[in-house]
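Peer 1: Residue numbers (my numbering), protein chains in the order written: chain Y, 1 to 377; chain B, 378 to 754; chain G, 755 to 1131; chain E, 1132 to 1508.
Watch out, some of these pointers could steer you wrong.
Claimed, not checked - Below, a list of computed lysine to aspartate or glutamate pairs in the EDC-like style, where the Cα atoms sit at most 16 Å apart: (1) G:Lys1021 <-> E:Glu1303; (2) E:Lys1200 <-> E:Glu1229; (3) B:Lys644 <-> Y:Asp183; (4) G:Lys1021 <-> E:Glu1229.
No lab work stands behind these hints, which were simulated from the structure alone.
Note that this is a predicted model, so its numbers are computed, not measured.
4 protein chains.
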Amino acid sequence: MRRLRLGMVGGGQGAFIGGVHRMAARLDGQWELVAGALSSDPQRARASGLELGLSEDRIYSSYRDMAAKEAARPDGIDAVAIVTPNHMHAAPAIAFLEAGIHVICDKPLASTPEDGAAIAKAVQASNRHFILTHNYSGYPLIRQAREMVRAGLLGDIRMVQVEYAQDWLTEETSNKQADWRTDPAKSGAGGAIGDIGTHAFHLAGFVTSLTATQLSAELDSFVPGRRVDDNAMVMLRYAGGAKGALWASQVAVGQENALRLRVYGSKASIVWQQEDPNQMQFTRFGEPTQTMTRGGAGSWEAAAHATRIPPGHPEGYLEGFATLYSDAAHLIRHSDDGAPLPEHCILPNVQDGLAGMRFIAACLESAGAQGAWVSCD
Amino acid sequence: MRRLRLGMVGGGQGAFIGGVHRMAARLDGQWELVAGALSSDPQRARASGLELGLSEDRIYSSYRDMAAKEAARPDGIDAVAIVTPNHMHAAPAIAFLEAGIHVICDKPLASTPEDGAAIAKAVQASNRHFILTHNYSGYPLIRQAREMVRAGLLGDIRMVQVEYAQDWLTEETSNKQADWRTDPAKSGAGGAIGDIGTHAFHLAGFVTSLTATQLSAELDSFVPGRRVDDNAMVMLRYAGGAKGALWASQVAVGQENALRLRVYGSKASIVWQQEDPNQMQFTRFGEPTQTMTRGGAGSWEAAAHATRIPPGHPEGYLEGFATLYSDAAHLIRHSDDGAPLPEHCILPNVQDGLAGMRFIAACLESAGAQGAWVSCD
Amino acid sequence: MRRLRLGMVGGGQGAFIGGVHRMAARLDGQWELVAGALSSDPQRARASGLELGLSEDRIYSSYRDMAAKEAARPDGIDAVAIVTPNHMHAAPAIAFLEAGIHVICDKPLASTPEDGAAIAKAVQASNRHFILTHNYSGYPLIRQAREMVRAGLLGDIRMVQVEYAQDWLTEETSNKQADWRTDPAKSGAGGAIGDIGTHAFHLAGFVTSLTATQLSAELDSFVPGRRVDDNAMVMLRYAGGAKGALWASQVAVGQENALRLRVYGSKASIVWQQEDPNQMQFTRFGEPTQTMTRGGAGSWEAAAHATRIPPGHPEGYLEGFATLYSDAAHLIRHSDDGAPLPEHCILPNVQDGLAGMRFIAACLESAGAQGAWVSCD
Amino acid sequence: MRRLRLGMVGGGQGAFIGGVHRMAARLDGQWELVAGALSSDPQRARASGLELGLSEDRIYSSYRDMAAKEAARPDGIDAVAIVTPNHMHAAPAIAFLEAGIHVICDKPLASTPEDGAAIAKAVQASNRHFILTHNYSGYPLIRQAREMVRAGLLGDIRMVQVEYAQDWLTEETSNKQADWRTDPAKSGAGGAIGDIGTHAFHLAGFVTSLTATQLSAELDSFVPGRRVDDNAMVMLRYAGGAKGALWASQVAVGQENALRLRVYGSKASIVWQQEDPNQMQFTRFGEPTQTMTRGGAGSWEAAAHATRIPPGHPEGYLEGFATLYSDAAHLIRHSDDGAPLPEHCILPNVQDGLAGMRFIAACLESAGAQGAWVSCD
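Chain Y on its own, in the form it takes in the complex (with noise of 0.2 Å):
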C-alpha cells in the first residue's frame, strides 16, 4: 500500500500550524510529503523545504505553478494542505481543485463569506474532497460522543454549554502568530469568533448532530487598540428547541487551550474537555456518574477508530489531527482506487466552513443589533 503523496501551501519557517499539518501526516504513516509552495518568498519557500527533504524541483515559490506542474505528473501529489492565514485560503483552494487534486484546508474556511462562496462552488464544481479541519472533531472520545447522542442515549438534547477560553491575547501582542489574527484583513473580521469560537461552534455542532437556527451575540475587544473581538458571548438556538451557550475568549487570564463541551439531555449529558481529552463524564438521570476513558470500558467503536493505543495512555492533539488525515487518506483511497471505505470516517467538509462563515456573519450581526437573534443557518 502507497503512502499517498501530499503538498502543502505555507507552512514555511517560522509558521505554526503548518508543522502541526505535517505531524498529523506524518504519525499513521499513510502520507509523505514530497511537494510544497511553503513560502511566498523564495528563498524562505527552498530553505523550508530542503529543511523537510523535498527534491528541489518540487520546492514552488507559487501555489499556482504547484498546482499546474503536480497535476501534470504521474506522480503527482494526491491532495494539497492549505495551511495559510484566512485571507489566503481561497485563491490556492480554487486552484488545486480546479487542478483535480483534493484540499485540505485548515480553518475557518475564508475570510470573507465571498471566499468561502468561492471555496464552495469550486468544490461543487470538481469532484474533489474538500476537507476542512476542524481537528477536535478528531479526538476518540468526541467521535464517541457524537455517536452516543445519535443513539438516543441522552435523549432530547435541551442545553450545550461550549467554550473555548485562551489567555494569549491578555495584553498587546505582536508576534507572527498574534499579527495576522487581529488583522481583520486577514484574519476576517471576526477576532476570537472566527479563529477559536468557530471551533467552539463546530464541536458543538458535530457531536450533537443539531443545526444552529438564531443566535444572539455580544462581542468585546477588552485590549485598547485592538481591532477584533478578544472575547464574545454567544446564545444559541437550535433547530428542535435546543438551547446553546458559547463563550470563546483569547483575554481569559489562566486558560491556555481550554474547549470544554458539555451537553445535557433530557435522559443523560455528557461533558469534555479538550485540555484532558483521554475522559468524558457520562451521567444518566438518577445514576452516579461514569468516566469513559478512551478506549476504555466500555468505549464505542467509533472512538476505537480513531485510536492507537491502549487506554490509561494518553493521546492527544496531534493524535486527534492524525486522525483527520488518516480519515482523509480513506476517503482519497476510496474515491481514487475504490479501497472499502471503514466505517466511522467522518471529516469536516466544505458545507461546515460554510457554517462557520455563517456564524461569524451572525454573530457579527447580531453584537451590531444589540443582541438581537438573527438567523445563522
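Once you've looked at the hints, dock chains B, G and E against the given chain Y.
Peer 2: Below, chains B, G and E alone, put in the same frame as chain Y:
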C-alpha cells in the same frame, strides 16, 4: 457572653431549609432557638416545637402572635429566621420588623416586586437589621476572592462566568420542595432564575463588587407543563464595562449544586466551585496557576474570619451558612449592646434582595422581548 | 427530648481539638456543654469556662473534682470529652469511668501501652461507653464504603493503599500543637505514626473490616533533632491474605491533611480522599469508574444515616466529627434510657484504641529490627 | 538532512509495542523504517513487511541474516529497534551491536541477569549506542522535574512515592500480550515488577538523580495459578538518606496505566501523573501549590526540548516515546556525522537496564527472605 435568642417562622416537620438554618445557628454557639411559629398548622407547629425542645409557651401557630408576644417578653427573641416559601416572606418579615425584632430571611427576598418593596420599606422604617441568607457569600474563599478583587489583584474585571446547575427537576416531579418552587403563586414568576439564579447573580456581584446594569435573557421550561423557567441563559453588562454570562438550570443532568464562579481580569483570574469550596484557582497573567486553599499558604484575613479549622480539613455548606449566622450575631451585639464589630463581617441585606428582585424581573422582561437588553439596576 | 449533658477535660483557651469537639457536639443539637476542667491552670480554666457560658459552679480546675461532683449531681454530665495531650488521657478517662460517666476520648488511646491497657481495664470494669474519636470514620462515604465491602461488592480484598500526609512539621517548629506532639513524654514514642498513622490504620480496618496481623516498617525523623518519627512507610499483612501499604508523613511538602484510602478487591475498587470527602470513586472490574456522591444517585442507607443536607452541598470534617457525637448520643440514650438504637450507629471504641497502640508498638519494633515482619494483632 | 534508516526486530502483525515504536519513529520525521525481521514466521514476516511498505529484499525472517545484510549495504540501517518479548532481547541486540549497528531496545533489558550482562558486555565492546525505551522519561514535564531537582529547588529529597497500577490482569487472562508476560520463561522471574515496576523504578531515579541502594519487598500473585507476581510493594533506601515507596500492580481494579510520581524534598515537592501528563504540581514549602503545564508559564528549557505544540494542546504517550526516538537520532547523528548534540538530549541506556535487572533480582531476593533489606545497587 449570653447566646442570642432566635425565633423561627416556618421550618416545621418535613421542611428542608429550616433545619439548615438551625444547624447553622447552632454551630458556632452564638445562638439558641427559643421560639417558633414553625407551621401554620397548630398540631404540626406544636409537634415540631417540642421535638426541637422549645418551651410550650413559646410554640406559636401564628407569626403575628409570636411577634407580639416575643416583643413583649423581657427575654424575647433577638432575631427571627424566616424560612417559609417565597410568598410567605413579606408578611412575617414586616411584622417582626415592626415589632422591633431583627430579621434573618431566606432568599429570594419575596415572590413579587411589590412584596419586596414592602419589606424594604419596613426595613427602612425600623432600625433593625435585615439579613438575606445568600449563604454562598459565607464561604471563606469567596470572602477572600472579594478582597482580592477589591485589592486590585485582578486588575480591571473583564469577564464573569457564573453558573448554578442542578438536575433535580429534570423530569416532572412532585414533592414538597418541588411543588412550591414550580408554582408561580408561591415562588414568584421566576423558577430557576429565582431559586438559584439569584444566588449566582448575587455571588458574582459580591465577589466583583460590580453592579450589573443591563441583561439579555433566554428562559426555557423544558419539562412539559412546567409553569416556570427551568433553564436560563443570561448575558450581563456591568458598570465599568465588564461582561457576564450566567447560566441557571434545574434540568442539567448530572449536576447536583454546581455553583461555579470564574472571574477574569486584566491581570489575573479566579475560579471557584461550590462543590469543592476549600480551594480556589488563582492565576496571574504569565504565571502558573496557584491553588489557594481555605486557610492554607497565602490565605487572607477575610477567609480566616470565616473559617474554623486548619486547612486540609474541609469545611462545607453548613459552615458557610453558619458564618452568616455568626456575622449576624456580631452585627446584632454591636448595634444592640455596643460590642465591637469584627472586621470582615459582611452580610447580604435588603438591598441585595431588591437587586435580586430586579434581576428576576429583568430576565422575564428581556426573555419576553426576544432577548432585548433591559436595565437591571 | 432533652439534650445530653457534656463535660470536657482539656480544651481551654489556646487549645485546638477541644473547640472541634465542641462544634461537633453542638451541630446536631444532641448535646449541651455544661461542665469543664478545661485547664489545669485554675485561672485559665475559669476564663475558658466563662467564655463558653458554663456556670461558675461547674468550672473545675481538677478533673478528679469534676468527676466526683458531677457524679453526685442529679443533673450531672452524661459523658465527658477528654481532649488533652495523649499522656493525659488515661488518668481522667479512668476517673470518669469509675464515676459512672461515659467517656469520649481523643485519639490515640494513650501515650504508652501501659496506659492503654489501664483504660481498657477500666472500661471493662465499668458498664459505661468509651468512644475514641477516630473521626474520619464518621464521613458518610466512609460509612458507605464499609457497607459496600461488607456486602461483597469488592470481592476479596487484595490491596489496601492508605496514606496520611501533612507538611506542617517540614521544618523545625515550635508552637503549642507541635511541641507536645514531638515530645515522646507527651505524645508517646510514636510521632507521625501515632498522631496520624493511627488514623490511617484505623480507617483502613474500618472500611475493609479486615484485621492486620503483621507489619514491616521504616521510620524516619527527617528534621534534625526531632525525637519522634516524622515519616513512616509501613507494609501490612491482613488476615485472609490482603496486603496493605501505609504512609504517614508530616514532612510531605504541599500536603495539608491528605488522608487517602484506596481499596482494591477481586471484583471492584474504591478510592476516597479526605480533602474532597463528598465523592468516592467506585469501579467494578471491566466497567467505567463511577463517582458516587454523598447522598447522590445510588447512595446507601449507611451514608444517609451520617448526612444532613442534599448532595452537592458539601459536608466536611466537622460534620463527620459531629456524626460521632450524634451516634454517641444515640448509644447513650439507648443504654441509659432504653431509646431505640438506629441502624448504622457505629463508633470506634477502646478495642480500636488498643489496636492503634499495638500498631504504634509494632512499627517501632519492626523499624528497630531492620524491617522484620512483626505481629500487630 | 536525510532521515535515519531504521530496522525492526519483532513487531509483526498482532504485536503491540512494535506499532508504538513505529509511530514514535515517524512523528518527528527523523526516521524511516526500511528493513525488518518482524516475525520469526517467514510468512508473517513477509506479510507484515509488505503492509509496512518495506522493499521485499529488506524483509527478513532471521535477525542474524538482517544484521549481516544490512551491515553490508551502503544504505544499511543506522539503528535497529528490538521489540520482541524479553527473552528475545539479548541475542538480536548482541548480533546488531557486533554488526556495528546502533540498538534501540524495549524494556526491561532482558529476562535473565545473564542475558542482561551479555548485552552490557556487547555494548561495551562496540562503540555503538544502546538505548533502552524507558519511554516515560521522554515526557516533557518529567524532563523538567529532573532539572528542577538538579537545580536544588526541592532541597534534599526525603521521600519518593512512585506507583504503577494497572488492572488488566485482575482475572485469569489469556491473550498474546498476557501470555508471555505471565510466563517466567519469556518475561523473566518478575511479573509486574519487571513489566511495569522497572518503569516506576527508573522514573523515580531519573527524576531524582538518586541511586537506590537497598530495598525490602513483598510480592504477591493474587490470581490463582499465576506464576509471576501481579502485585508488589517495595520500600527503598536511596543513597543520601531519602526513602521510597514503590507499588506495582496489575490487579488494581479501575487503574489503566496509573504511573504516578511524587517527590518530597526539604524545600518543595512535585507530583506528576502519567495519565494526565501535561501538568505537574509544584509546591514550595509555605506557598500555594502551582500547576505547571507543559510549555506554559514558567516552563523550563528541558521541557521545551521535548515538546512540539503550545500549552493547552495535550501531548501524550506517543509524543514522549517519539522524543526518545528524536533524541536517539540526535545522538546518532552526533556520533556518526559529527552533528552538534542539542542540550537536554537524555536517553536511558544499558546501565539503566542493568539497574532494572538488579531491581528485579533484589525484589525477588527480599520477598523470598521475609522482606529483608537487600542491596540493589
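Peer 1: Each hint should be assessed against the structure and marked as holding or not.
Peer 2: Here's how the hints hold up against the structure:
In summary, the hint linking G:Lys1021 to E:Glu1303 is supported, as the alpha carbons are separated by about 13 Å, within the 16 Å threshold. Between E:Lys1200 and E:Glu1229, the direct Cα distance comes to roughly 13 Å. Compliance with the 16 Å bound is thereby established for this hinted pair. For the suggested pair B:Lys644 and Y:Asp183, the alpha carbons sit about 24 Å apart, so the restraint of at most 16 Å is broken. A distance of roughly 50 Å separates the Cα atoms of G:Lys1021 and E:Glu1229; the hinted pair therefore is violated under the 16 Å criterion.
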